[in-house]
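Trainee: Protein chains in written order, with numbering that gives the first Met the number 0: chain V, 0 to 206; chain Z, 0 to 401.
Treat the hints with care, since some could be wrong.
Below, simulated SDA-like cross-link-like pairs (lysine to any residue); rule was C-alpha separation at most 20 Å, straight line [unchecked claim]: (1) Lys-345(Z) to Asn-56(V); (2) Lys-345(Z) to Asp-84(V); (3) Lys-226(Z) to Gly-134(Z); (4) Lys-345(Z) to Leu-110(V); (5) Lys-46(V) to Arg-393(Z).
Output of the computed footprint for chain Z on chain V, the stretches with three or more beta carbons under 8 Å from beta carbons of chain Z [stated by the list, open to error]: (6) 58 to 64; (7) 70 to 78; (8) 111 to 122.
Derived by calculation from the structure, the hints in this document are not laboratory data. Just so you know, even glycine gets a beta-carbon here, dropped at the ideal spot from N, CA and C.
Each chain, written out:
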Amino acid sequence: MSPSRKRQPTKRRLDYELIAAMVPQGSRVLDLGCGDGQLLAELAQFKQCSGRGIEINGEAVLACIQRGIAVYHGDMLEGMSFLRDHSFDVVVLSQTLQQASDPPRVIQEMLRVGDTAIISFPNFGYWQVRLKFLLSGRMPRSSLLPYTWYETPNVHLCTVTDFRRLCSELGLETVREIFLVPPSRQISAQLANWRAGLAIFQVRCRT
Amino acid sequence: MATDDELDVAKDSQLGGARSVGLVETQSWTYDAAPLELECGQSLSPVTQAYEVYGELSRERDNAILIFHALSGDAHVAGYHTPEDRKPGWWDIMVGPGKPFDTSKYAVICANVVGGCKGSTGPSSIDTRTGRAYGLSFPIVTIGDMVRAQKLLIDHLGIRRLLAVTGGSMGGMMALDWAVRYPEAAASVLAIATSARLNAQGIAWNEVGRQAIMADPNWHGGDYYGKGSPQAGLAIARMIGHITYLSEEQMRAKFGRRLQDRDSFGYDFGTEFQVESYLRYQGNSFVRRFDANSYLYITKAIDYFDLTNGHHSLIEAFAGVTAEFLAVSFSSDWLYPTAESKEIVKALQANAVSCTFLEIPNPYGHDAFLLPNDQLADTVTGFLANVYRRVRERLAAEGTQR
Chain V
0 MSPSRKRQPT
10 KRRLDYELIA
20 AMVPQGSRVL
30 DLGCGDGQLL
40 AELAQFKQCS
50 GRGIEINGEA
60 VLACIQRGIA
70 VYHGDMLEGM
80 SFLRDHSFDV
90 VVLSQTLQQA
100 SDPPRVIQEM
110 LRVGDTAIIS
120 FPNFGYWQVR
130 LKFLLSGRMP
140 RSSLLPYTWY
150 ETPNVHLCTV
160 TDFRRLCSEL
170 GLETVREIFL
180 VPPSRQISAQ
190 LANWRAGLAI
200 FQVRCRT
Chain Z
0 MATDDELDVA
10 KDSQLGGARS
20 VGLVETQSWT
30 YDAAPLELEC
40 GQSLSPVTQA
50 YEVYGELSRE
60 RDNAILIFHA
70 LSGDAHVAGY
80 HTPEDRKPGW
90 WDIMVGPGKP
100 FDTSKYAVIC
110 ANVVGGCKGS
120 TGPSSIDTRT
130 GRAYGLSFPI
140 VTIGDMVRAQ
150 KLLIDHLGIR
160 RLLAVTGGSM
170 GGMMALDWAV
180 RYPEAAASVL
190 AIATSARLNA
200 QGIAWNEVGR
210 QAIMADPNWH
220 GGDYYGKGSP
230 QAGLAIARMI
240 GHITYLSEEQ
250 MRAKFGRRLQ
260 DRDSFGYDFG
270 TEFQVESYLR
280 YQGNSFVRRF
290 DANSYLYITK
300 AIDYFDLTNG
310 HHSLIEAFAG
320 VTAEFLAVSF
330 SSDWLYPTAE
340 SKEIVKALQA
350 NAVSCTFLEI
360 PNPYGHDAFL
370 LPNDQLADTV
380 TGFLANVYRR
390 VRERLAAEGT
400 QR
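Based on the sequences and whatever the hints tell you, model everything.
Mentor: This is the structure in structure tokens:
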């Protein structure tokens with residue numbers, strides 16, 4: 000078991016609503032790093048989805064259990080390893096890709112067990128991040144990147160451009176992309192690598 | 000098994016307390032309609048099972064929970080047999096009104112296993128054919144045989160489908176076996192600190208325990224009833240058991256190298272270290288309440304247990320399972336380690352069975368499941384509440400369809 004990770008703040012994550020909107024009615028959903036199970040609970044309640052979570056934090060797992068959500072306590076790659084191919088319609092990874100030890104493998108596993116993957120991540124190319132770093136010369140911190148360099152779980156931060164390149168290397172196609180400026184303003188894809196604080200991608204394997 | 004000295008009974012769990020089931024009685028049921036055909040090829044008849052029931056069965060009979068006990072347990076899970084009892088039943092922290100297995104909501108049942116010595120037919124019972132105690136003529140029983148016997152009891156009690164089957168350690172094995180054997184007869188399984196098959200290290204410890212008993216000159220090939228029993232051997236077996244129930248960390252914290260009732264070495268073989276004193280106490284108190292032959296039979300049943308028997312894999316073994324699962328392990332449990340709970344979970348996941356897994360960080364080793372633990376309590380409470388809600392919803396939906 001890896002050491003306990005810093006949790007995202009427990010308040011509703013700003014991408015949840017948009018992710019929930021992308022999930023089709025009645026689908027089978029796997030939520031990686033599902034936290035206290037809020038997204039899965041809402042999807043079950045409002046979209047009749049059947050959900051399952053993987054979560055490394057024991058307290059969050061307990062919260063899932065109390066909500067009645069089936070959850071695996073452990074690492075996401077390990078948790079996915081025994082799931083059957085395409086046993087889910089959608090696999091969600093909300094703001095956790097940058098914490099994975101092996102992001103390409105996580106994405107490949109997501110698309111092995113699921114038909115599509117919805118992945119959101121803080122964009123390290125966001126102009127405010129770049130400016131902070133340029134001006135202060137220190138590791139940038141913000142509402143989306145709230146950690147000091149020595150306590151951050153974010154070991155694999157990337158930019159929108161980096162992510163697109165990885166997707167193309169992995170042979171994935173983008174079904175949808177959504178870009179946000181904090182706190183929750185949606186913006187166009189134009190110059191997203193500069194303008195977006197948070198990106199949400201829905202990807203699948205190129206057929 | 001938890002030790003007597005570390006379980007201080009909370010005030011509300013004392014006799015008359017708001018969270019105690021109070022005074023309870025062990026009941027007994029004998030099945031003699033047909034012999035129980037055992038896996039070893041022999042059969043057993045009649046089969047008596049001691050059991051206890053707490054709480055009320057609902058009108059729909061959908062709120063019954065069957066708890067399986069571990070190696071040295073018995074049917075007495077909760078409450079007190081007499082007002083003079085010093086300690087309540089073995090899982091009283093988990094069973095009672097307002098407790099995780101909430102007897103104000105659920106009807107909780109526990110039976111002594113066949114092969115045991117606490118009221119169910121076992122090697123110390125009288126063989127009706129000879130009028131003498133079975134001893135080693137008692138047939139070898141397996142976890143599956145114990146489960147099949149308890150299914151007869153549950154049928155006898157008129158319960159078609161249990162809300163949950165549960166247990167820790169060997170009890171967890173029985174719960175897993177139940178779910179595979181009778182997929183329709185339980186809505187959920189809570190498998191705690193258990194395994195789909197005992198590992199080589201576990202078999203090894205059990206074997207050392209058995210050898211200690213059989214090496215005792217008072218064992219007499221198992222035919223010691225009415226004579227002196229192999230107390231020394233059984234005590235050693237229990238001492239070995241207790242070493243495996245604790246973690247190294249816990250042993251260090253609890254005893255360290257501290258001496259018992261003395262300040263310096265005596266340079267003899269008396270009880271000097273606290274850990275020695277603890278083990279001797281555990282061994283000696285165990286022989287007063289347990290039968291040595293039952294220890295042989297039950298440990299053997301645990302050794303034989305392997306859910307993959309008769310299947311190509313654990314995944315295949317779980318193929319027909321329909322119950323919802325909760326698997327819980329404890330981080331410092333090296334007898335039934337987390338990896339073995341995960342093996343269960345992974346095989347269930349491969350079958351798309353709804354399954355929740357939680358590893359509780361805890362220093363107490365295998366014993367942890369018998370000790371007070373808020374995380375375990377909250378997990379069981381939450382899991383059961385949701386299972387019961389779903390069972391009720393399904394029932395209501397079926398009702399409207401009709």
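Trainee: All hints are to be evaluated individually against the structure, with a verdict given for each.
Mentor: Consistency of the hints with the structure:
1. For a cut-off of 20 Å, the pair hint linking Lys-345(Z) to Asn-56(V) stands: about 19 Å separates their Cα positions.
2. Under the criterion of a C-alpha separation no larger than 20 Å, the hint pairing Lys-345(Z) with Asp-84(V) is consistent with the structure, at around 14 Å.
3. Of the supplied pair hints, the one linking Lys-226(Z) and Gly-134(Z) holds, its CA atoms being roughly 12 Å apart against a limit of 20 Å.
4. Between Lys-345(Z) and Leu-110(V) the alpha-carbon distance is near 19 Å, which keeps this suggested pair within the 20 Å criterion.
5. Using a Cα cut-off of 20 Å, the hinted pair Lys-46(V) and Arg-393(Z) holds, with the two alpha carbons roughly 19 Å apart.
6. With 4 residues carrying a beta carbon less than 8 Å from a beta carbon of chain Z, the stretch 58 to 64 of chain V meets the three-residue requirement, and the given coverage holds.
7. For the stretch 70 to 78 of chain V, the assignment as covered by chain Z holds, since 5 residues bring a beta-carbon within under 8 Å of that chain's beta-carbons and 3 suffice.
8. As drawn, the stretch 111 to 122 of chain V meets chain Z at 0 residues by the rule of a beta-carbon pair under 8 Å; below three, the given contact is violated.
The structure fails hint 8 only (numbered hints given earlier).
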